[in-house]
Amino acid sequence: MNLYEYQAKDLFKKYGIPVPEGKNYEDLSKIDWNKFPAVVKAQVLVGGRGKAGGIQFANSSKELMEKSSQVLGMTIKGLKVRSIYIEEKLEVGKEYYVSITLDRSARKPVIMATTEGGVEIEEVPDEKIKKFWVDPTVGYSNFIGRQMTFDLGLPDSEGKQFQDILAKMYKLYREYDAELVEINPLVITKDGKMVAGDAKVIIDSDSLFRHKDIPENAAERTELEEIAYKRGYSLVELDGNIGVIANGAGLTMATLDALTLHGGKPRNFLDLGGSDDVEKVVGAFELLKIAKPKGILVNIFGGVTHCDTVANGIVEAKKRVGIDVPIVVRLSGVNEDIGRQILKENGIEAYSDMMSAVEEIVKVVNKQ
Amino acid sequence: MSIYVDENTRIVVQGITGHQGSFNTLQMLKFGSKVVAGVTPGKGGTEVHGVKVFNTLADAMKMEPNATFISVPAPYVLDAAKEAIYNGIDLIYILTEKVPYQDTMEIVNLARKMGKTVVGPNGPGITSPFKSKIGIMPNQIFREGNVGVISRSGTLTYEIVDQLTRAGFGESTVVGLGGDPVTGLNFVDVLSKFKDDSQTEAIVMVGEIGGTAEEEAAEYIKKNIRKPVVAYITGRSAPKGKRMGHAGAIITRGKGTAESKIKALEEAGVKVADYPYQVPSLLKEVFK
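Residue numbers (my numbering), protein chains in the order written: chain Y, 1 to 368; chain X, 1001 to 1288.
Just so you know, the hints here were simulated from the structure itself, not pulled from any lab data.
It cannot be assumed that every hint is accurate.
[To be verified] For lysine-lysine, the following DSBU-like pairs were computed, each having C-alpha atoms within a straight-line distance of at most 35 angstroms:
#1 X:K1052 - Y:K280
#2 Y:K318 - X:K1098
#3 X:K1240 - Y:K212
#4 X:K1255 - Y:K212
#5 X:K1242 - Y:K318
[Claimed, not checked] The calculated label-pair distances, taken between Cβ atoms and stated as ranges, are:
#6 X:R1226 - Y:D126: 28 to 34 angstroms
#7 Y:E216 - X:K1240: 21 to 27 angstroms
#8 Y:I129 - X:K1284: 42 to 48 angstroms
#9 Y:R210 - X:N1008: 47 to 53 angstroms
#10 Y:E216 - X:N1008: 23 to 29 angstroms
#11 X:E1266 - Y:K30: 54 to 60 angstroms
#12 X:Y1086 - Y:D126: 36 to 42 angstroms
Backbone N, C-alpha and C define an ideal beta-carbon position, used for all residues, glycine too.
Take these sequences, add in the hints, and give me the full structure.
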């Protein structure tokens, strides 16, 4: 889960990582800022807000109100700016970069730092980035910061500050189950102070049970995804017109891919998961009703989820949810014969193989 | 031969009295696995499907298990896995989903230092038909044979294994890596085992978007694997930055796309299927 900059900077403050003085506002009338020059920063969870006009500077209260009313409420890459973070403008001398993130292949956290900050890290040549892989069973120790200071060739005046910041970042990374803690730019002000210009923190959403102080950001989910999430479904909205219900994340993705390769456009990803419950199936149709597809493909390989359960769910859903678009079903695996029989008695033909079902739904929907 | 699990695998189930623990204990017993003990604190002295339950893993060690099936809620997985490591269990399979990845990271690094193997979390486990299975794969889809299967998914693996079996193939061992960003086994770990397994004559890889494990596998195959490999990769149509069900199935900062994986595998001489149902016919080609 991505944190907003102001949330991330609050965490930085809590850990003693230097940040510019700043305050978050959701309402123009509440603005009581009087330190200039100031920066107005749109709080959105996408990159590139600067280019989109989401970062503005102000030298007076009047200008601050102008800029604030510009930024608050604007739309950046489809996301509405619901709050602005106003902070003191730093006298930037140099810009570095430092982050801690997971290296999936190494199965270890990797610290990355470079003196070429202020740009996307992907644009920095690899040989300019210094890396250290931390063994999570040993943990962080101060020599790591020292070693990186020498590797980066930082002067003494910066080294001490860098080591202090890195140790605190690692503590935050571990204690808050972060996927990413990133400072870009790590600003060295003209008077030689190291300050976090920006702050990016992503928290592992599977760890939220032990971080009750972090509010869940629903902003990354669409309205329908949010409803699905609250009802315990894994749903991702897409922009096509064929509704998809399948079981297992891999099989669901494979279904979307097969549809796309056959010229169809999936409306969603919806994984029934490892359940065997008629109501779970009915609930999936309730969600698709909101999504308004032109047809629905149900693709089930029965294991833990039995085919007869899914068949009963489809029949129930047709009665209770009122689905009026064509439904194409593929059932294979545990109790497939019983499942197909149940559907047949209710006027639905079910396929046993995935390819035929995919071809059929694409044909039916594209004909409309 | 087969890899990771066989007739000598003696399984203890941590969390045996829970719904998943109890259900899968029965299924493993039906498959022919040796489930020798269960652990649930406070339920010691009872039985689940005829399997003795102990309060602690230390007590259960008198039944001489060498593998554990961990099915406890996510917040307790780290503790359960440490209990297994302390007691010298060789193979640690974790069924649980939504385990914080930093917990998994700790478990995996600890286990490696102790020379133990972690499978999962959030995967279907390992099956060597019909010697043993540890995990939740459906019993009825297998036939013993010479195809080794490695996959990051559950249901999609069953789908592909079922099609292999229906097409007349059989499996040596089927390994489910798990859908999380950090898992105990990656493709390369399992490929290196299949390489030396005399029963395995061809390998099927089922990958998906997220991470670079498939690209690393491609590199490894190019250098080390002389057995034919067929692959299928899901997530070609997935939007960037969205978790597609699995915590690990996400394209971040342009990394981990299906295109990059397919390209790397094809360059390594791997035949990549467009659809899961193409896998058996591609295998027939490589066996010619």
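Return holds or violated for the Cβ distance of Y:E216 and X:N1008 against the range 23 to 29 angstroms.
Between Y:E216 and X:N1008, where Cβ atoms are some 47 angstroms apart, the hint is violated.
Between the alpha carbons of X:K1240 and Y:K212, is the straight-line distance 35 angstroms or under?
Roughly 29 angstroms between the alpha carbons, so the hint for X:K1240 and Y:K212 holds.
Does X:K1098 sit within 35 angstroms of Y:K318, going by the straight-line distance between their CA atoms?
Measuring from Cα to Cα gives roughly 33 angstroms; hence the hint holds.
Given the hinted pair X:K1052 and Y:K280, is their Cα-Cα distance within 35 angstroms?
Satisfied, since the Cα-Cα distance of roughly 34 angstroms is no more than 35 angstroms.
47 to 53 angstroms as the expected CB spacing between X:N1008 and Y:R210, which holds or is violated
violated, 38 angstroms
Assess, step by step, whether the Cα of X:K1242 is no farther than 35 angstroms from the Cα of Y:K318, and give holds or violated.
holds, 30 angstroms
Against the range 36 to 42 angstroms, how does the distance between the Cβ atoms of X:Y1086 and Y:D126 compare: consistent or not?
holds, 40 angstroms
Does 28 to 34 angstroms hold as the CB distance between X:R1226 and Y:D126, or does it fail?
holds, 32 angstroms
Outcome of range test on Cβ distance (Y:E216, X:K1240; 21 to 27 angstroms)
holds, 22 angstroms
Just tell me: holds or violated, for the beta carbon distance of X:E1266 and Y:K30 against 54 to 60 angstroms?
Given range 54 to 60 angstroms: holds, Cβ gap about 58 angstroms.
May I ask you to test the hint 42 to 48 angstroms on the CB atoms belonging to Y:I129 and X:K1284?
The hinted range 42 to 48 angstroms holds for Y:I129 and X:K1284, with Cβ atoms some 46 angstroms apart.
Would you check the hint for X:K1255 and Y:K212, treating anything up to 35 angstroms between C-alpha atoms as holding?
Holds - the C-alpha atoms of Y:K212 and X:K1255 are around 31 angstroms apart, at most 35 angstroms.
Hint violations for this structure: numbers 9 and 10, all remaining hints satisfied.
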